[in-house]
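J.: The two chains are supplied separately, each in an independent frame; assemble them into the complex guided by the hints.
Which chain is which? The protein sequence lines are A and B, in order.
Position 37 (the first sequence) corresponds to 37 in the working numbering; numbering is contiguous.
Position 3 (the second sequence) corresponds to 1003 in the working numbering; numbering is contiguous.
In silico lysine to aspartate or glutamate, EDC-like type, Cα no more than 20 Å apart, as pairs:
1. A:K36 - B:D1099
2. A:K119 - B:D1103
3. A:K41 - B:D1099
4. A:K41 - B:E1092
5. B:K1051 - B:E1073
6. A:K41 - A:D99
Calculated from the structure, these hints are not laboratory results.
These numbers were taken from a predicted model, which means no experiment stands behind them.
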Amino acid sequence: MANARTLQVTTPTDREIMITRSFDAPRRLVFDAWTKPELIKRWLVGPEGWTMPVCEIDLRVGGAYRFVWRKTDGAEMGMRGVYREIVAPERIVGTELFDMDWTGGETVSTIVLAEQGGKTTLTQTVLYSSKEARDGALRSNMTEGMESSYARLDAVLVTARDTKGAA
Amino acid sequence: MTSNHLNATFAALADPTRRAILARLASGEASVMELAAPFAMSQPAISKHLKVLQGAGLISRGRDAQRRPCRLEAQPLAEATGWLVKYRELWEGNFQRLDALLDELKAGPKKPASTKR
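With the rest of the complex left out, here is chain B (with noise of 0.2 Å):
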C-alpha cells in the first residue's frame, strides 16, 4: 500500500457516478454503453469516469476493440477498507491502553526512584 494508490483510490471514488459504475460492474462485467443507460449522461462523460476509475486501478478495460467490456479490480479497493480498518483498529487500540495506563496512575502514582534509597 503507497499513499499514492490510496489518494487515487478516495479521489475516485469521491464521485457519486464512479461509485454506482463500480457497484454496477461489481455484478459482471459492461461495455460503456451498457454503462452509460442507467445515468442520463452521453457515453464521452462516462468514458471520463471509466478513465478515472482505470487510471485507480479500480476497473481494467477488456480488449475486444469494439466493445472493451469494463471490469471491477477488488484489490485497490480492499487495500482501501484494509487501511481504513487499520486507522480506526490504531485510535481505538490506542485509546484503551491510555484508559488502562490512567487506571494506574489513579490507583497510586508509583513514587519514581526519588524515594528509593
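Chain A on its own, in the form it takes in the complex (with noise of 0.2 Å):
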C-alpha cells in the first residue's frame, strides 16, 4: 500500500510530464480536495512556514482561477489559469501560469481521476509550451527516472564540499 502511495513521474511525449498518485478515498473527495477553496488550502500550501492566503476559484468553464502562496518572511509566489473542462468528479482540464513563469510560458494540466473498490488513483498530465519548456521544468524535478544522473551530481557535490572542507 505504501507503495502505491508513491508518486510516479513519466513523460509519454515530448511536451508532457505525467504525475501518478493514488489515494485511499473515492473521487468525489479527492475531486473536492482538489476544486474547493477551504479544502485546497488545507493541503496544496508547500513546504513549512507557508500559507495559502488567497484561493479563489470560478470552477466552470471559462472559469479563472488564483492561488497565492506567502511565507513567513513575507516573500509570495502565483499562478492563475483557465478551466478548460470540468466533468465531476472525474476530469479538470486548465490552464496554468506562475506569475514567475519558470515553465517557460502556459502549461496545460488535465487531471483525471479513477476510482476503483473506494480508491482513487490520480493521474496529472502537464503540457508544457514546447520541448524545451518541458526538459527545463523535468531537470528541476527530483523525479525517479533523473534518479540516476542526480545521484551522480549528489557525488559530485559531496566530493567538493569535502574538498572544499579540506582546502
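T.: Here's what the structure looks like:
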C-alpha cells in the first residue's frame, strides 16, 4: 500500500510530464479536495512556513482561478489559470501560469481521477509549450527517472564539499 | 536563489562532458590541458565547455596567465540540489496532508453551518 501511494513521474510525449498518485478515498472526495478553496487551502500549501492566503476558484468552463502562497518572511508566489473542462468528479482541465513563469510559458494541466474499490488513482498530465520548456521543468523536478543522473550529481557535490572543507 | 541562476546551472549540467569536468575538478584544480587529456576533444572544445561552466558560476579560473587553473565552485550546485530537495518535499508534504484530509472527509462529512441552529 505504501508503494501504491508513491508519486510516479513519466513523460508520455516530448511535451508532457505525467504524475500518478493513489489516494485511499473515493474520487468524489479527491475531486472536492482539488476544487473547493476551503479544502485546497488545507493541503496545497507547500513547505513548512508557507500558507495559502489566496485561493479563488470560479469552477466552470472559462472560469478563472488564482492561488497565492505566502511565507512567514513575507515572500510570495502566485499562479493563475482558466478552466477548460470540468467533469465532476473525474476530470479537470485547465491552464496554469506562475507569476514568475519558471515553466517557459503557460502549461495545460489535465487531472483524471479513476476510482476502484473505494480508492482513487490521480493522474495529472502537464503539457508544456515546447520540448525545451518541458525538459527545463523536468530537469528541475526530482523524479525517479532522473534519479541516476542526480545520484551522480550528488556524488560530485559530496566530493566537492569535502574538497572545499579540506582546502 | 534566483530562477536565472538555476537555469544557468541546469543548462550547464545538461552536458555529460561538462559533468565529467566537474567530477574531475571535485578532486582538485586542473589546467585546460589536464582537463582535455581524458577526452577525445581539442583544447578549444574543452575551453568552450569551461566558458559555459564559468558563466554558470560552477567553476572559477586562476589568475596565473600561463596555466589559469580551473576550480570547482560548489555553491551553485548546492543551491540547485537544495532547490530540488525542496521541490520534492513540497509535493510529498502536500500529498501527505491531502491523505490526512481525505481520511477526515471519509470519517464523516462535517455538516457545514446549515445544520447548526
